[in-house]
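Student: Given next are the chains, with one letter for each unit.
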Amino acid sequence: MGRYILRRLLQMIPVFIGTTLIIFLAVYALPGDPVKALFGDKAADPATVARLKHQYGLDKSLIEQYWMYLSNLFKGDLGTSFSQREVSDILGDAIPVTIQLALVAFVLEAVFGIALGMLTGLKRGKIVDQIVLVLTLLVISIPIFVIGYLAQVYIGTKWGIVNPTVTDSNDITQLILPGIVLGSVSLAYVSRLTRTSVVENIRSDYIRTAIAKGLPRRRVVGVHLMRNSLIPVVTFLGTDLGALMGGAIVTEGIFNVKGVGNTLYKAITGADGPLVVGTVTFLVVVYLVASLLVDLLYAVLDPRIRYA
Amino acid sequence: MTTTPTEKTANTPEQSGKKDAPLLEVRDLHVEFHTRDGIAKAVNGVNYSVNAGETLAVLGESGSGKSVTAQAVMGILDMPPGAIPKGEILFRGQDMLKMSPEERRKIRGAKIAMIFQDALSALNPVLSVGYQLGEMFRVHQGMSKKDAKAKAIELMDRVRIPAAKERVDDYPHQFSGGMRQRIMIAMALALEPDLIIADEPTTALDVTVQAQVMDLLAELQREFNMGLILITHDLGVVADVADKIAVMYAGRIVETAPVHELYKRPAHPYTRGLLDSIPRLDQKGQELYAIKGLPPNLLRIPTGCAFNPRCPKAQDICRSETPALHQVTEQDGAAMAGRGSACHFWKETIHG
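Sequences listed follow chains P and E, in order.
Counting from 1, one number per residue, gives the positions in the first sequence under full-length UniProt numbering.
Counting from 1, one number per residue, gives the positions in the second sequence under full-length UniProt numbering.
Here chain P stands alone, though its shape is the one from the complex (with noise of 0.2 Å):
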């Protein structure tokens, strides 16, 4: 096990070199200067767009500027934005605005859709697991801005529960209107996944012997049926914990939640090149890092299955 874990950290090496000398290439390949734009329309002084190249190490040759970027990274130095903030700084202000929003969507989609999973899988072609499939298919269907919108526009505006924008990021209660449309798609497959290895599984031999052994329903179902059914449903958690962290740009932006997110989207628009790469930076990281615990987990929860 421990030599399986080096084996994966030594692996993700490359993997963080290829994804962040891509990003920073798609990046800095842009055209337009990123220097000039901050002038706007006025005209440019040469001399201060000399300065500034130099300062940002633009006038260097792009493997050069990655190059430094790369030794700058490892000694946390992820660089400085054009709008003269540490990008460290920038993440460091994010990075738990999303933590909460992915936390809140996370256990909604962990919690409601396991229990709808395993309803439906117990009920099948019964009117419940009918309810159930049409309601995910359409949550499915439905790009998230048209959801986001929609519970903005009623739940905040018309019916006034909530506030339609959340005023103050690091306030958790605000961030669950947030965190439901963010989670609503997962949720959908979440307990679409449940459903079909739930039916699979309560086929199997080891449900019939179970049974067989004079087992209460409850204990059946819910040791026997359940700790094999969730394994693909972890799996699946656990890669979407990395989505729920670097993929809510859609729902950042329409309840303004200052997180990872919405910096992303405001760093692209704006060409801010060294903020860009930062925050893409800070996604690969989360995603290898839950990719390498979903693997370790699958391993706990299926014995069959170890690394050596």
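Just so you know, these hints were derived from the structure itself, not from any lab.
What you are looking at is a predicted structure, and each value in this text was computed from that prediction instead of being measured.
Some clues are possibly wrong.
[To be verified] Within a straight-line C-alpha distance of at most 25 Å, the following computed DMTMM-like cross-link-like pairs (lysine to aspartate or glutamate) qualify:
| # | chain 1 | residue 1 | chain 2 | residue 2 |
| --- | --- | --- | --- | --- |
| 1 | E | K111 | P | D205 |
| 2 | E | K98 | E | E154 |
| 3 | P | K123 | E | D78 |
| 4 | P | K123 | E | E102 |
| 5 | E | K146 | P | D302 |
| 6 | E | K292 | E | E61 |
| 7 | P | K126 | E | D28 |
| 8 | P | K126 | E | E330 |
| 9 | E | K106 | P | D302 |
[What the hints assert, rightly or not] If you only want the chain E side, here are some residues facing chain P, beta carbon under 7 Å, derived:
| # | residue |
| --- | --- |
| 10 | S62 |
| 11 | M74 |
| 12 | I76 |
| 13 | L77 |
| 14 | G109 |
| 15 | A110 |
| 16 | M114 |
| 17 | S121 |
| 18 | A122 |
| 19 | V126 |
| 20 | V139 |
| 21 | R160 |
| 22 | R167 |
| 23 | Y171 |
| 24 | S176 |
Glycine included, C-beta positions come from ideal geometry on N, C-alpha and C.
Given chain P's structure and the hints, the job is docking chain E onto it.
Tutor: Positioned in the frame of chain P, the structure of chain E alone reads:
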């Protein structure tokens, strides 16, 4: 019930005293499955009984209804699509089909236990064998986790799994096929049930291991004086351990007999066909005998005797009238104990 000279029945004189209440009695059991294509009649009026310490072998091809009958007895049929429109299953004189689900659950595992064919899929892959064995004690006897584990080790020792103490936390896939089947047996034995139903317990094993597992099962049965229903299609296995045999075809019992009688003088053409299809060393080089045709489609069981399309002796009456299970007699008319044949021509079959 039967008077075979084996020691298994010899040591149960008290059971023969109360002949009217055997350990388990199945009466006129019908089981059907409602499928999209129609109603599949899997079991069509099965009668059998087992006493304590007795071994009943239920013999038949796949789809003959032998496993379905056992599942109905165990109460683990999938209902729906399965349904029991008719029949009684008496355990110690009480009809289990009339019991509440909770009453039946308490009997399952504790009083009647089942051994399944493929232990690898019948054991939960993500729970340790110790946990799965201990569960029996925890659920039925409210034992603590720790005590249950000690009991699990004891059980594993009992079915002669080497290094039981070290292996109690292992998972099913870490055991060999024979050892896994021993764990299944241990699980069935855990609460010392009165009756064990073994559904092809050795089919998934190789021959040397088969013998070991069967010997173990027979030994434990003697020790606890349990009733045993052995479901199999392996005539070799049956001869060694069974007291009496019920041969099933298309959901009906076509012949019953004490074990050695059946081998010596079958009274049904189907049984004869089965016996003739055993490969024999002294007929090496000759073509193997096989019963012609295929088992019937349970959605459309032939009228009359279900075996008639495949029977070498079929006459017109076989296509129109369903034969009852006739009492088989000697040529002089003396009844042969425990023998019955559901063939219009049983006399010709047994007496040639």
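Student: Broken hints, numbered, in rising order?
Tutor: 2, 7, 8, 9, 10, 13, 21, 22, 24
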